[in-house]
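Novice: Spelled out, the chains give:
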Amino acid sequence: MSYPDYGAQGYTSILVTLDGAVAVVTINRAKERNTFSGSFIPEIIAVFDLLDRDDRVRVVVFTAESTAPAYCSGADLTGGWSIITGGNLEGPQAYRDAGGQVSLAIFRCRKITIAAVNGHAVGVGITGLQLPFDFRFVWAGAKLAFPFVRRGISAEAASSWLLPRLLGHSKATALLLTGGTFNPDSPYLQGLYHQILPTREEVFPAAFAFAKDLAENTSQTSVAWTKALLWHPADSIEEQHIIDSRGNRELAGAADGAEGAKAFKEKRPVKFTDTLSENLSNYVPWWKEIDVRYRKAKL
Amino acid sequence: MSYPDYGAQGYTSILVTLDGAVAVVTINRAKERNTFSGSFIPEIIAVFDLLDRDDRVRVVVFTAESTAPAYCSGADLTGGWSIITGGNLEGPQAYRDAGGQVSLAIFRCRKITIAAVNGHAVGVGITGLQLPFDFRFVWAGAKLAFPFVRRGISAEAASSWLLPRLLGHSKATALLLTGGTFNPDSPYLQGLYHQILPTREEVFPAAFAFAKDLAENTSQTSVAWTKALLWHPADSIEEQHIIDSRGNRELAGAADGAEGAKAFKEKRPVKFTDTLSENLSNYVPWWKEIDVRYRKAKL
Amino acid sequence: MSYPDYGAQGYTSILVTLDGAVAVVTINRAKERNTFSGSFIPEIIAVFDLLDRDDRVRVVVFTAESTAPAYCSGADLTGGWSIITGGNLEGPQAYRDAGGQVSLAIFRCRKITIAAVNGHAVGVGITGLQLPFDFRFVWAGAKLAFPFVRRGISAEAASSWLLPRLLGHSKATALLLTGGTFNPDSPYLQGLYHQILPTREEVFPAAFAFAKDLAENTSQTSVAWTKALLWHPADSIEEQHIIDSRGNRELAGAADGAEGAKAFKEKRPVKFTDTLSENLSNYVPWWKEIDVRYRKAKL
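Going line by line, the protein sequences match chains A, B and C. So the first sequence is numbered by the numbering used here: it starts at 1 and just counts up by one. So the second sequence is numbered by the numbering used here: it starts at 1 and just counts up by one. So the third sequence is numbered by the numbering used here: it starts at 1 and just counts up by one.
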């Protein structure tokens, strides 16, 4: 496998660096208040697709500059909802929400993903750029705004699917139907954040240290299986038992399984070598992968 | 559209008033200890059906008199379980739980619904008259009793479906399998109540002020879409993305979407005008609507 | 019905006693550090199958000796992952995880089940031996380790199915993707434990007193219906309403329903007599029961 050169991708809205097996994606739009528009959107989608397939990467940290006006201030409303209403489409069925496209790209990444939310977040800044991640670290002072019902639109970025699963319907309703702005210690957000840090400056280092530990000590194939089992569960516990049995038989019999047990016996750190491109079972995915692209009716 | 005159409906167990876009339904059975029986049941079902379709209404607050013996003391057991066992039915398949009928009527209401629980609640008083609402405000001293397994029956009013979704299975099990009585600050209820008030008298005013704000500042169509997305989710995140994309394209292109963005730019309160009867997309509902009525086998 | 004699089953890894309607299963492998291997596995499966069908039993408490090195220290890794990789199977599809088999046996038990976790728990000790129970009591000092991704395997014992349902995906991800070790008061475990006790010695007595109350005051058929409704819900609230209506019509019309209402009116303790073998509706189960056994391809 030849590895992507992230510096050669021509990104203008994000910066991407690799530190060992940890990839760091930093929003590079402080002077546009980290709004969600322009090249930002295709670049996030593209980079998460690359990071998913890059065997060097075990953990992805997504963050902003801690001095930016916001982590992400949502869509730019100076032109109204043109981000949603723009384009000459065949009809409403042809539209695909940009926030949802970003959510899907992050959600589908088979590596551990962490959002380091070191500033305020509005709209898609709290939905698409936080909910599809595995972990969220946040600044205690962050204002987190879910303004949709107060702005005449609805929950986007698949947040209406993710929030009830992450927190349950009672909290999801409180967040989405009030259209309110909350701090991370709000009871309606309880359980969403892995860690809450007192200052903006502390958020990324805490997330990065956490990422480093996971990158050094977790198996890439184990992580991919675990994420798949969590997010693509069977309808019944019996079927899940059949699937996770197969996963563990394959994993335990592979190099990473042997190394995990051996390192434990020898009381030393693990050194995992299996990769997704070489060692992930063909059994994954076991679910329907749905193509969300719209196919034009008119030629 | 001609609007219903709630005073002319002949309700005897409830009082219904409209204050701007907030409808208030008050249980009017204090001398029967607000038991769940008689005309109370069909009246709740009827009024929620009307409120759902009445374009004037944006938020519904359901409450009791704060001086009543209870918010709702559940079924009247002086005649045993006659509320369940009564009637000459074709068989057990022909019975439809009254609590569940009430739950469905509230659950199907496309407006924001709030229960202001200003007294004790037993059985259906904590299930059907609380769980299907979007928000619950409660008195800190309320005794909340789930006595089913200690009374020889089972969870009713679809509570076994709603509780795990609202709070997760661990808490739902604790509530339903113990048959216990809890206070609102019980860890097993954590997350269920939007606000807990120290006195019975404070519950309704707090819920009403909350309702007023939502009635003035939220879009009726945005709310209906959000509730539909939350409670009728697709099986996969991809399908949800396709549905919420369509919703936002339609909403952002309508009057409320334009107004939401314009008011934001002009830093002024919104004035939403879209209504469910005129402006809700034909795409809603996208799910199977199941007719729960029993059809007699015998002619 | 003739009742099983638990003392005559030849169990060597567990002790089983009956105290009224409460069955107590105690792990009897302290000198093997309560590892999950050998006869322990088939004995747990067998005893939960018996307890499910034994009409005398209303509540099952599962525990360890409070002086054992651990509640359950997980798989024995001295031979690597041989518990997973062992056996001459037709292929990975033929393997059935032992932890999952135990999870299913406990999950399928129609009585109230309680885990009294009076020591540390690792791997299957926190998954299969805790998550499928209805209630969990735990020692505040217990170390609870989810080491899978750090040992090259994946979540087992259907934990990837149970944890998101019990606690939501945000907490489930925190537990399974970190591979971490937690104390019961961890925010990531919030809601999992019914009660947290300061000392190891207090865990079983607290669980047993709780069990005694439930055994004396709950209906066996009500409990079985409630568990079935919680864990085998319909796809829609309407279908759940149809199912729970039927349940309550059958239960309220049976001896336990009559007794529950009568005892309430007479302000005296209940005395329930209905049993699963004689009085549970033929309507249960209403879901597909999946046979997870592997059928050999080769003769």
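These aren't lab readings, by the way, just hints derived from the structure by calculation. There may be inaccurate statements among the hints.
Since the list can't tell identical chains apart, any single copy or any two copies may satisfy a pair.
To be verified - DSS-like cross-link-like pairs, simulated, lysine-lysine; straight-line CA separation at most 27 Å: (1) Lys-267 - Lys-212; (2) Lys-212 - Lys-296; (3) Lys-296 - Lys-262; (4) Lys-31 - Lys-267.
Novice: Confirm or reject each hint.
Specialist: Hints versus structure:
no.: 1; hint: Lys-267 - Lys-212; in the structure: within (20 Å within a copy, 44 Å between copies)
no.: 2; hint: Lys-212 - Lys-296; in the structure: neither (45 Å within a copy, 44 Å between copies)
no.: 3; hint: Lys-296 - Lys-262; in the structure: neither (55 Å within a copy, 32 Å between copies)
no.: 4; hint: Lys-31 - Lys-267; in the structure: between (50 Å within a copy, 22 Å between copies)
Violation of the numbered hints given earlier is confined to hints 2 and 3; the remaining hints are satisfied by the structure.
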